[in-house]
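S.K.: Next come the chains, spelled out residue by residue.
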Amino acid sequence: MPKRGEILVENIIFIVLNVLFLTILIIFLINQGNGVSTLEDAYSKEVALLIDSARPGMIMTVNMQSAMSVADKNNIPFDKVVSIKGQYVTVTLDANQSKSYQFFNDINVSGHYPERDSSGKFDGFYILAFSKKT
Amino acid sequence: MISKINKKGDKLISVYWFAILVIVAVGVVLMVNAFYGNPYDVRQIESETLADHVANCIYYGGQVNPSLLSADGVFRPDFRDNFMHMCFLNFSVEGEFTPVPYYIEVNFSSGINDFKNVFGISEGNINLRPDCYISAGNMQNLAKCTQKEFFMKSSSGKVYAVKILSVVSKVTENTNG
Numbered sequence: 001m002p003k004r005g006e007i008l009v010e011n012i013i014f015i016v017l018n019v020l021f022l023t024i025l026i027i028f029l030i031n032q033g034n035g036v037s038t039l040e041d042a043y044s045k046e047v048a049l050l051i052d053s054a055r056p057g058m059i060m061t062v063n064m065q066s067a068m069s070v071a072d073k074n075n076i077p078f079d080k081v082v083s084i085k086g087q088y089v090t091v092t093l094d095a096n097q098s099k100s101y102q103f104f105n106d107i108n109v110s111g112h113y114p115e116r117d118s119s120g121k122f123d124g125f126y127i128l129a130f131s132k133k134t
Numbered sequence: 001m002i003s004k005i006n007k008k009g010d011k012l013i014s015v016y017w018f019a020i021l022v023i024v025a026v027g028v029v030l031m032v033n034a035f036y037g038n039p040y041d042v043r044q045i046e047s048e049t050l051a052d053h054v055a056n057c058i059y060y061g062g063q064v065n066p067s068l069l070s071a072d073g074v075f076r077p078d079f080r081d082n083f084m085h086m087c088f089l090n091f092s093v094e095g096e097f098t099p100v101p102y103y104i105e106v107n108f109s110s111g112i113n114d115f116k117n118v119f120g121i122s123e124g125n126i127n128l129r130p131d132c133y134i135s136a137g138n139m140q141n142l143a144k145c146t147q148k149e150f151f152m153k154s155s156s157g158k159v160y161a162v163k164i165l166s167v168v169s170k171v172t173e174n175t176n177g
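So the sequences go chain by chain: A and B. Quick note: the first sequence uses the numbering used here, first residue 1, plus one each step. Quick note: the second sequence uses the numbering used here, first residue 1, plus one each step.
Simulated from the structure, these hints should not be mistaken for laboratory data. Some hints here could point you the wrong way.
What the hints assert, rightly or not - Computed list of lysine to any residue pairs in SDA-like fashion (alpha-carbon distance at most 25 Å, straight line):
1) B:Lys170 with A:Ser37
2) A:Lys80 with A:Asp94
3) A:Lys85 with B:Tyr59
4) A:Lys132 with B:Tyr59
Unchecked claim - Computed footprint of chain A on chain B; a stretch qualifies when at least three of its residues, placed anywhere within it, have a C-beta under 8 Å from a C-beta of chain A:
5) 28 to 35
6) 91 to 100
Just so it is clear, CB atoms sit at the ideal spot from N, CA and C, and this is done for glycine as well.
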């Protein structure tokens, strides 16, 4: 009888360690994919390419929900995440860093602001409106 | 005796099992770092977008840009002089010594079979042009190029072959190099 108990404890430890290993691995993978610099890099390039392909009169909506959750975690207001200055798009998801990417289209980005749902909260989408440069 | 051997065997399997887990973990970490450590390389898409942008500026919906050809079908040099403004392009960079990461070249040839260059436009950083003709080992550190060719028909019925070459460098933003 005592031997059976010993085997059970060993098995439990083995299973717990395996589960722990898998959990750490999954958390590591998720954190890597949602890293600040990865998201800043991806979104700054995405917005810059959208601006490059835009024509006056267009309105585009960009899904930035994963950026919103990271920005919330780092206490960055979502309406300050995307900024456009000159020919550069800058995405900021952390107070200590940001990523900029240049675009070539000489178009006026007349508006870039986060979309709000019916309750007035940000829903994770950004709106880009374009007009002709005067 | 048999149970003792089994116990030793179980422990041995456990040690090997965790050794395998460690190897797998190291492999996953290395692969993930290799994947996420490299920034997204969007230069090819960007150079294609630039070429499309210029193509649309020159010939859109079967109509030649009215600023490109005069009424008697002659290419207007003022279109070349104001190309950036006419085609809504802006390559201005931040910083005094930052090189322009773009280059665009448009060549117009007369006729369908006789490719005689009749007009040309080029803007941006011409130093990027040779990158399009180099076949080196590490192509990542070279600029990305897109070449587009199409025919355009003027209102007078004359046909021109248009060749567009667009180049985007931005090596530091798109690679680890």
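S.K.: Against which earlier hints does the structure fall short, listed by number upward?
M.R.: 3
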